Amino acid sequence: MTLLHTPLDALHRELGAKMVPFAGYDMPVQYPAGIISEHLHTRQAAGLFDVSHMGQIIIEGPGSAATLESLVPADVDGLADNRQTYAVFTNAQGGILDDLIITRWSQDTFFLVVNAGCKTQDIAHLRAHLSGQTLTVLEDHALLALQGPAAREVMHSVCGDAAELRFMQGRPAVINGVNVYITCSGYTGEDGFEISVPGAAAANLARRLLGEKLVEAVGLGARDSLRLEAGLCLYGHELTAQIDPVQAGLGWSISQPRRAEGERAGGFPGADVIFRRMVDKPALRRVGLRVNGKRPVREGQSVLDESGRQVGEICSACYGASVGGPIAMAYINRELGLPGTKLLVVSRGKQLPVTVTPMPFNPQRYFRG
Amino acid sequence: MSQTPSELRYAVTHEWARREEDGTVTVGITDHAQEALGDVVFVELPDVGTVFAAADDAGVVESVKAASDVYAPVSGEVISINSTLEEEPETVNSDPYNDGWFYKLQPADSSELEALLSAENYQQQCEDE
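Protein sequence lines correspond, in order, to chains A and B. Each residue of the first sequence is one higher than the one before, counting from 33 in the working numbering. Each residue of the second sequence is one higher than the one before, counting from 1023 in the working numbering.
Next comes chain A alone, as it looks inside the complex (with noise of 0.2 Å):
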């Protein structure tokens, strides 16, 4: 299969980014500098990510909300404009076919940024349910994450409209005189921008943040790791159509008018199952892994209980360069996901002991104001 490439791929290349394909895009998995450095760098300073493989999508045209209601439990209607939400599609029987985060830009019209591995089906998944909205994919529009304590002072330089920003806030700004639309938000639990453009402009502004003492180009490897420190699903390792939003400790992403009780309850694939699940528990949850020691675990790896029974299984995991060790998330038996219990990981014939550890495992940084 031909990659599909990203209109930063030149810049890349100049940058001496090693390539990997990833969802069907040829990706930088790292720099010259290597994953452990880039994700300090962004801990430290500022990283630029190239995350133009994902999907963005907009619905426009009276009842938007409704329609994505139909599909979300999240509170769509009560978006404010320009505010944003973390939301799931959920199918009838409560898995989780995607996480995206939907922008209201005005009262009828949002914009959806989704997952490139699930796009394709997304974008059906939407089309589907149109009740006589437009969808419109920006097939010509990067993506750039700038990500880290100094992103806002950056920004500020590069910027200043966009600079004010609080977290899962967004508003439409112009650099270089291309229009640009730019959120508080981002998935390495630093403070930080997405900025969408338009794909012809995207080089400039990449090479004019990269211009900026603070700021270095970080890879997919990085992004992995950071997100995970923070605590943070990846679709596809902790989030998949078999796992619930309620399993997946995303309960908080099912918004209080739309739950059981709330004033437009249910209504989206697969309430009914989420609501039982709300109150029986499900019998695995999400919990973080720290290991004892210096050996990595791998995405999975089963977990034992202290006698040896296996409970459970890694969904993602990786050195922690913040927390200088070997972390993962799994999914266990619920009774053993109290911080602190102490399993073993079989990993390459071994059994390493490893700790419940309460997420994130590095604190989130959000500027909320």
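Just so you know, the hints here were simulated from the structure itself, not pulled from any lab data. From a predicted model like this one, the values you see are computed outputs, not experimental measurements. Cβ atoms here follow ideal geometry from the backbone N, Cα and C, with glycine treated the same way. Fair warning: there could be bad hints in the mix.
Not close to chain B: a few residues of chain A, all C-beta gaps over 12 Å, as computed [claimed, not checked]:
1) A148
2) R159
3) G192
4) G243
5) G372
Taking CB as the label site, the calculated pair distances span [unchecked claim]:
6) A/G340 with B/D1131: 35 to 45 Å
7) B/P1027 with A/G401: 53 to 63 Å
8) B/G1071 with A/G381: 13 to 23 Å
9) A/N324 with B/S1024: 30 to 40 Å
Chain A is already provided as a structure; the job is to place chain B on it using the hints.
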């Protein structure tokens, strides 16, 4: 471009071997290998006294991306290990041919070293990969 010092011998499995003046053989992984692995976060070394046949499993090197087995390039007995790698595995990335060495062997048959790849042949193998 990775470094491939001409005075070393190389295994197809990306270990290097250096004959020391005292007849022992020092073993590590190549610059090409460390670069392909990315940031190394853990190295499992053999115990001193272990006797290897050539190509035996001799440990594991784990990077942020993947785990990779390490093999003994020649047969012999492990006489010392580089225990600094336990605390500073990143040395494998920064200095694979010197401070990043893995272990030393007392070789069983020193002619085995000659059977390994030359720098030139190893480089060719890396280019062909």
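Hint-by-hint comparison with the structure:
| no. | hint | verdict |
| --- | --- | --- |
| 1 | A148 | 19 Å, holds |
| 2 | R159 | 37 Å, holds |
| 3 | G192 | 37 Å, holds |
| 4 | G243 | 26 Å, holds |
| 5 | G372 | 24 Å, holds |
| 6 | A/G340 with B/D1131: 35 to 45 Å | 43 Å, holds |
| 7 | B/P1027 with A/G401: 53 to 63 Å | 57 Å, holds |
| 8 | B/G1071 with A/G381: 13 to 23 Å | 21 Å, holds |
| 9 | A/N324 with B/S1024: 30 to 40 Å | 35 Å, holds |
Violated hints are absent here; each numbered hint is respected by the structure.
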